[in-house]
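Please arrange chain B on chain A, whose structure you already have, making use of the hints.
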Amino acid sequence: MHLKSRGETVFEGINSILLCGVIVICLLPLINIAAKSLSSESYVLAGEIFLWPKGFSLNAYDIVLGSRRFWDSFGNTLFITIFGTLINTMLTIFAGYALSRKRLRGQQLFMFLFIFAMLFNGGIIPTYLVVKGIGLLNTLWALVIPGLVAPFQMIIMRLYFYNIPDSMEESAKIDGASNFRILFRIMIPLSMPSIATISLFYAVEYWNSYFDALIYLTNHELFTLQIYLREIIINASSVDINNMELMMNTAQESVRGATVVAVTLPILLVYPFLQKHFVKGVMLGAVKQ
Amino acid sequence: MNHKDASMGPGKGTASGWRKAGKEMWADYQLYIMLLPALAVLIIFKYVPIYGALIAFKDYNLLDGVMGSKWVGLKHFQDLFQSEKFYSVFINTLLINLYKLVFQFPIPIILALMINEVRNVMFKRFSQSVTYLPHFLSWVVVSAIFANLLSPTDGIVNTVLGFFGIDPIMFMSDERFFRSVLVMSSAFRESGWSSIIYLAAIMAVDPQLYEAARMDGASKFRQIWHITLPGIRSVIVFVIMLRLGAALANDLEQVLMFYSPMVYSVGDVLGTYVYRIGLGQMKYSFSTAVNLFQSVIGLILVVIANAVSKKFGERGLW
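Each protein sequence line maps, in turn, to chains A and B.
Mapping of the first sequence onto the numbering used here: residues 11 to 299, in sequence order.
Mapping of the second sequence onto the numbering used here: residues 1314 to 1631, in sequence order.
No wet-lab data here; the hints were simulated from the structure.
Warning: the hint list may mix true and false statements.
Far from chain B, by Cβ distances over 12 Å, these chain A residues were calculated [what the hints assert, rightly or not]:
1) Pro63
2) Tyr71
3) Leu200
4) Thr274
Partial chain B-side listing against chain A, Cβ under 8 Å, derived [as the list claims (entries may be wrong)]:
5) Ala1334
6) Ala1351
7) Gly1365
8) Ser1440
9) Val1453
10) Glu1503
11) Gly1505
12) Tyr1597
13) Thr1601
14) Leu1605
Note that CB positions come from ideal geometry on N, CA and C, so glycine has one too.
Only chain A is shown next, with the shape it has when bound in the complex:
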């Protein structure tokens, strides 16, 4: 370890201060919105809420969590997130593994199909027509099935398998293991960081899905959380409330804030558990490209 020069000490100090500024910029808007959701009407309307709630009140949360539409859309979003993530991760692992085997014939053609699909697409309307033609319109599967292939993640997964030494596979083969067995017993356990990363990507994507729901669903009962949130943002009175009095005494700003928190918190709770994996997973994917 070398001794720090004075210039370096100053540099590091300033760097840390600037980084703190960046951290504040990332967190402040979220804290501000949460503080508003927890404050009572008069303070919110007066614009006095900054980082700490004033006149602490849970009314906004009562309104949001008491709404049937919130829980309906919560259920829909949970459904597509769970099934979408599971199936998508599975397909990505399968395709990534198959394409990582050098002996797979037609590999160049298959890779071309995946990469070209990443760079070029038929467009919104032709895709819509296919989804409609198959009869997925107005089903939650319309938000799951068309997105089941993400070429970019597949390529990262493939690289990961590709870099696992061949000797691991060969010894299993000598013992007579099939390709499925090799995948489940050797490859998947060795690739957990990458798999965790990819499933987190998928989960976030499904949880946040808005546009697909917007174009494929017209039935209100199928709406997802993001669609619900969007309606609240545009027009807070679209919350179905049983208690008019509660609504009268709560600022729309607070209701919006509470909805943002209720929609975002569940997915943010997953993040810390997977974070240590995904940093590793993404970086491996990045360096070895």
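Structure of chain B alone, referenced to chain A:
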């Protein structure tokens, strides 16, 4: 991305070679089974729509379907190139992406350099976690956050401006500020996340180079300029290429959340335009023509960027 590693088996083309190939494929039939579901989804939901894009050259009619509808050649493209609205939308798309490239693109690189210089492991990890966080917020949430921050009545930004005696500004619905709001919200959401790839690249730079530079008395800034940045050049080029490929297509959801009829003149982009006239007005063929134009330009941009970067000795996308 390196995908040139496909190796075909021995004895290509000969009769015994084919038999051997068939035998090998049979031995690994499970690999093809694994590939099948993904391939099926890919073909149905990516390639069938590419075929369906033919309706850009037809007058699509629901009853007749893609095959049966009448060919009209380039009619929709002629309409499109004659439409003033199309030009304004196209220019908006180009400008917004240009602004993002110029103002937003360097931020993750700077952020990665800053995080890399932090010596305290805890602080380093904390700043990483916090800066990645906004990436996990949906555009719906980010737009709600910005609407909240920029609100003319009680937003923080206008409150602060008020201190300096500046009248409240309607940032979200003011044509002068709308594009800046787009660039800033995009920077807010993506900067931390995009910095991951640069951080990974920085860590791969040989530490001996820094030692040597320090011996020669190079300051931190000189080290960054002469060692770190050249060291991550290929990653920067790679990211620019990926960005160019998506350049005309990536702001649909963001703009959809942020814009309003008041700022259509500066904010309407190809994606939102296609959505509105396609699904809103049911002009299937015309909006597919716009979409096709967008996809083709995107593809051309990537191909050019790839060729240029290879010419300058960088690894291309293919």
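Comparing the hints with the structure gives:
1. Pro63: 14 Å, holds
2. Tyr71: 16 Å, holds
3. Leu200: 17 Å, holds
4. Thr274: At about 6 Å from chain B, Thr274/A fails to clear the 12 Å cut-off, so the statement is violated.
5. Ala1334: 6 Å, holds
6. Ala1351: With Cβ-Cβ at 4 Å, under 8 Å, it holds.
7. Gly1365: At about 3 Å, which falls below the 8 Å cut-off, the nearest Cβ of chain A leaves the hint on Gly1365/B intact, so it holds.
8. Ser1440: Nearest chain A Cβ about 5 Å off; hint holds.
9. Val1453: 5 Å, holds
10. Glu1503: 12 Å, violated
11. Gly1505: 7 Å, holds
12. Tyr1597: Status holds, d = 5 Å.
13. Thr1601: Where the cut-off is 8 Å and the nearest Cβ of chain A is about 5 Å from Thr1601/B, the hint holds.
14. Leu1605: 6 Å, holds
Taken one by one, the earlier hints fail for this structure at numbers 4 and 10, listed in ascending order.
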